[in-house]
Amino acid sequence: MATCYAAGAFASLLAVWSGRLALVVGHIAAFAGAVTGLVVSLGILLGNPVQTLTLQLPDLFPFARLSLVVDGLSAYFLLVISLVAVAATIYGPAYLQAHSPEAGAGRRGVQVLALNTFLACMVFLCSAGDALSFILCWEGMTLASYVLVVSDDTDGENARAGLLYMIMTHAGTAMLLVSFLVLTERAGAFDFAALRTAASGLDDSARTTLFFLALVGFATKAGVVPLHVWLPRAHPAAPSHVSALMSGVMLKVAIYGILRFGFDLLAPAFEPLPSSWGWTILVLGTTSAVLGVLYALQQHDLKRLLAFHSVENIGIILIGVGLAMILWRREEVGGTLATLALTAALLHTVNHAAFKGLLFLGAGSILCRTHVRNMEELGGLARHMPWTAGLFLLGAIAISALPPLNGFVSEWLTFQAILGGASIFRGPSGLVIVVSAALLALTGGLAAACFVKAFGVTFLGRPRTAHAEHATEVPLSMIAGMAWLAVLCVLLGVAPGYAMRLLDAPTMAMLHGYGASEVVTAHGPLVLSTALALPGAMKGTAISMTMLALLLLALLPIAWFLRRGLRPSPLRTVPTWTCGMSPTARFDYTATAFAKPLRLVFASLYRPSRSVVKETAGSPYIIKRLVYTGEVVDLAETQIYHRVQHGITTLSKAIRDNSTGRIHGYIGFVLGALFLALLVFGGGQR
Amino acid sequence: MTGDKPLEIVLLEMFLLVLLGPLVTGFIQKLKARFQSRQGAGVLQPYRDLVKLLNKGTVQADTASGFFRSIPVLVLATTMAAGALVPVVQAGPPAFPLGDALMLLGLLSLARFLTAVGALDAGGAFGGMGASREMTIAPLVEPVLMMVVFSTALAHGTTELGILAEQRGTSWILTWRAADFLGFAAMLVLLPAETGRIPVDNPDTHLELTMLHEGMLLEHSGPGLGCMMLASHTRQIVTLGLAAALFFPIGAVSTGVIGLLLGAVSFVAKILVLAVYLAVIESSYAKLRLFQVPQYLGIGFVCALMSLALRIL
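Line by line, the protein sequences give chains A and B.
Going by my numbering, the residue at position 13 of the first sequence is 13; the numbering climbs one at a time, nothing skipped.
In my numbering, each number is its position in the second sequence, counted from 1, plus 1000.
Treat the hints as calculated values from the structure; they're not laboratory data.
For each residue, glycine too, the CB sits at the ideal point set by N, CA and C.
Certain hints may be false.
Said to hold, decoys possible - Reference listing, derived: stretches of chain A covered by chain B, where coverage requires no fewer than 3 residues with Cβ under 8 Å from a Cβ of chain B:
hint : region
1    : 403-412
2    : 498-509
As the list claims (entries may be wrong) - Footprint (simulated), chain A over chain B, 3 or more residues, beta carbon under 8 Å:
hint : region
3    : 1035-1043
4    : 1079-1088
5    : 1106-1112
6    : 1151-1157
7    : 1185-1197
8    : 1236-1243
9    : 1275-1286
All chains, please: the whole structure from these sequences, using the hints.
Printed below as a string of structure tokens:
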């Protein structure tokens, strides 16, 4: 696998001769790497018993030994990465050629190099066996994706998005680094086994502090509200197949980090986790889910809308993770409910990777044919790009958590875990869980509204601009990339029971208890049942996605028969009735108009602002031109970030006023600081 | 886990619901006409309308894409599938599990999603307006419905409607607690919204001031429109069936031929009671302005939340 990615990276050197050659060879190498990853991870996940693959890396540093350890959890995330990487690498070359044919060999080389580095870093991050390689890959992943974010265009917008991304993630990484360094200092070594031993001696408050430091680092990367502000800017800026990787996979790497820290490295030996962890994550997850989808609703930029939906879906995953943390090792639960919650979270991880990857690739197809990201300038694309439209619709149904596709399955499991949790925690904490269920339901409904808008405005109706009117279907390789993910969405939706087998290894590795298939598919792979997961007298629920799909298939011919009518007669097509005026694209509902009622319903959250400028000719009744501008604000941005920014500016002004430029003044400061530091920290050495 | 309700009965119930759906609409229309001191059309009028539509040809907007023709098929199939998840004449889980209340709500949402997508396809402002309004109201209704289901489900640890109905049984009606009353109140608030009736929507018109659902059907015609109409009749009876299964699981418990007959009779009675409720509400209130609907639904939300809180505390 490493060889493939390395080969891909070296393929960038081919750019010296030809950008196109580098592009193709680099992506083929990355594809080979992804397929290898798929085989390796499936081999580990389906092995019985689950093997742990350990690789000792050559000693690069005198002070640490680097190693790769692939256990159940690592293998599962490896699988998720590889699944999306396969699609992205099939899709990539044609997309980059079509999107920016003018790009020189140098840019192509950089893109290929960064893509391969990015993929390799994610893979090795998930299989890192020590703190040093974890941090190195973490940095490599950030830097490579930064290069990809700024590589696409040369305008200032992307550069600014990239800068914000760098600042935010590095602030997060700093927190993560502190947590790691404290642990490695106690352990005296870098490998995870030693860290685990070191952590087992910690007391609860130290453990919790370390966890929250790491959580800030991971939450920044995952785009959890309120640390999400970089995400809707950086993800759309990257080339679309990289956006698919960033949204579908890179955020999951942060989830991997949270799971690795929470359930493995920092977990106490036999007791339950400190209760603050799970509840914090549950609340953070719920907030992210609701706010993510609410802000997504008001976006007109297709890729930005999708990026906000990533915030939402990370929230849904975190609800499951939080519940699992709360319920783990509680005696009254008996271990199965935590497994159910973690299963829901992990299943949503792969589900989100599949449909979000699909949607980003779909958005990329539109982008490379129309060069427009604003939905208001699109419309009517379903006629010219039927394959893209159909696959995008499939992804839209999946992400809206509607049966019979995969999004529904993981949300159903989350709901069942919530139901079990609520029945155990009576009182206020139970109410928190139930309210998060209600908000999760709200999230699902809003996501459906959002994707009716996204699909309808982009693909249906009349084309609003010439860009949309002259779009053509994308080449076969791009469709193949999308179709691969669409097949995943359908399979994971119709036969989720078979995927539970893959979830056994990670759930057992994390929870040391029951595996996913023992709990969820106890009645055979066709039935999802929670009878064994719920405690006490609760009856549990069983559904069968396969049976439902069969029922739908059986009903389709009946409905089709009725649709044909009793007396089949030819179809007449006529212009749409527009109250007597000749129909133009101006009659189509726009994205802004579609989302307006919800904008008003949630006005206190959006704080919408609008201005209408009228240009009249002579009489106020003759309007020559109307200019409408409206926008909504991101509360986190205005309420937190602008204030922080203001504070920093004020502070630096104050400091500037005191910096006189004279060297003895500075020496005085340094001396004073040293004196203070000795006073405060020097005491213990005596 | 798996029960003994044969798959034949499940399918039979589903087709029964689909066939009886228009009758409920006809009954409500007749009742409304009587309230307005009119004679009104017969209760079989919706069937006549359906046959008339199925006999007609199709006129389609020239801007519509290839999806448009399949929308009625998908919507109808999805709604019919939702009908298979409601216990009608017999409670208890089916021999092979199919779906639960969450799946039922999911299927209804899928039907709504597809309808809204179809509405945007023709490129007229009416369809867009209908879709936009419908997709504004739906996300506010769904969570509350979900909370009502949860409030009932929490007591028994399952969201499977058949088991819920069986567990509660006929005598359960005598032991209603405060949580049940509140949950039922929330359900009563939600019923007109979910079935697309006054005070949330007006099924009799597609005037742009009042319509939600009708606006979305405007561009459909002939058999396609017939399918959409049949789907909305089915949706109505399924929603009523959901309410009946959650709150009046009377009569549908016993097995055997007599039990089935008893179940059928009691089901008809329950549906009629709820239909009378809808007709009375529709005759005595005016349609709310769109932006007052969230406040109306807020009443349901508060009831559902209180019901859940009482169940948990």
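| Are there three or more residues in the region 1106-1112 of chain B whose C-beta lies within less than 8 Å of some C-beta in chain A? | holds (count 5)
| query | Okay, the region 1185-1197 of chain B and chain A, do three or more residues pass the C-beta test at under 8 Å? | reply | Not satisfied, violated; 0 residues make the cut.
| Three-residue Cβ test at 8 Å for the coverage of the region 498-509 of chain A by chain B | Since three or more residues must qualify, the claim that chain B covers the region 498-509 of chain A is violated, with 0 doing so at under 8 Å.
| said: When I compare C-beta atoms, does the region 1035-1043 of chain B have three or more residues closer than 8 Å to chain A? | reply: violated (count 0)
| field | Annotated coverage of the region 1079-1088 of chain B by chain A, confirmed only when three residues or more have a Cβ within 8 Å | value | holds (count 3)
| query | Do at least three Cβ atoms from the region 1236-1243 of chain B come closer than 8 Å to Cβ atoms of chain A? | reply | Coverage by chain A is violated for the region 1236-1243 of chain B (0 residues, Cβ < 8 Å).
| Within the region 1275-1286 of chain B, is the number of residues with a Cβ closer than 8 Å to a Cβ of chain A three or more? | Per the Cβ count (0), the hint is violated.
| query | How does the coverage statement for the region 403-412 of chain A fare against chain B, requiring three or more residues with Cβ below 8 Å from a Cβ of that chain? | reply | With 3 residues close enough to chain B, the hint holds.
| query | Count the residues of the region 1151-1157 of chain B with a beta-carbon closer than 8 Å to any beta-carbon of chain A: does the count reach three? | reply | Three-residue rule met by the region 1151-1157 of chain B, so holds; n is 4.
Consistency note: the structure conflicts with the earlier hints numbered 2, 3, 7, 8 and 9.
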